[in-house]
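In UniProt numbering, the protein residues as written are 1 to 96.
Calculated from the structure, these hints are not laboratory results. Even glycine gets a Cβ: it sits at the ideal position worked out from N, Cα and C. No incorrect hints appear here.
Straight line, CA to CA, 30 Å or less: simulated DSSO-like cross-link-like pairs of lysine-lysine:
id, residue 1, residue 2
1, K50, K83
2, K10, K50
3, K83, K10
4, K74, K50
5, K53, K74
6, K53, K10
7, K53, K83
Restraint-style ranges between C-beta atoms, simulated for each label pair:
id, residue 1, residue 2, range
8, Q96, E16, 19 to 25 Å
9, E92, G49, 27 to 33 Å
10, D69, L28, 19 to 25 Å
11, K53, G93, 29 to 35 Å
12, H94, W70, 24 to 30 Å
13, Q96, D18, 19 to 25 Å
14, V55, R90, 19 to 25 Å
15, D26, P48, 17 to 23 Å
16, N11, R32, 26 to 32 Å
17, D87, D26, 19 to 25 Å
18, M27, D85, 18 to 24 Å
19, G93, Q52, 31 to 37 Å
20, R54, Q34, 18 to 24 Å
21, Q71, P15, 15 to 21 Å
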Amino acid sequence: MSDDGDGGRKNLRMPEDDEVFATVTDMLGANRVQVRCADGQERTARIPGKMQKRVWIREDDVVLVSPWDWQDEKADITWRYEKSDADQLREEGHIQ
Numbered sequence: 001m002s003d004d005g006d007g008g009r010k011n012l013r014m015p016e017d018d019e020v021f022a023t024v025t026d027m028l029g030a031n032r033v034q035v036r037c038a039d040g041q042e043r044t045a046r047i048p049g050k051m052q053k054r055v056w057i058r059e060d061d062v063v064l065v066s067p068w069d070w071q072d073e074k075a076d077i078t079w080r081y082e083k084s085d086a087d088q089l090r091e092e093g094h095i096q
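Given these sequences and hints, build the entire structure.
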C-alpha cells in the first residue's frame, strides 16, 4: 500500500474541456435523470449504455456531464463520483 502523505487524498477525475460537475436531482426513468449543473443550468441527462447496470446512479449523486452542443438543455453522463470522492470535491471547493 502506498501512502501519498496527503491524509488519504485521492487524485480524482476532473472535468475536461466540455464537461461540468452536476448533482442528480430526479430520476426520470428510461435511462434519463434530471441534473443541476455547476453552471446553474437544469438539464436532462442520459445514462449511456456502457454505464447501465454497471454504475448505479441515484438522487443526490455527484456526476460529470457533457452538455450537448446542439441542445444545451440536454447532456450525457460521463462519470459518477463515489460519496467519499464527492465529499473530497466539496472540501476542496470544486463543488458546493
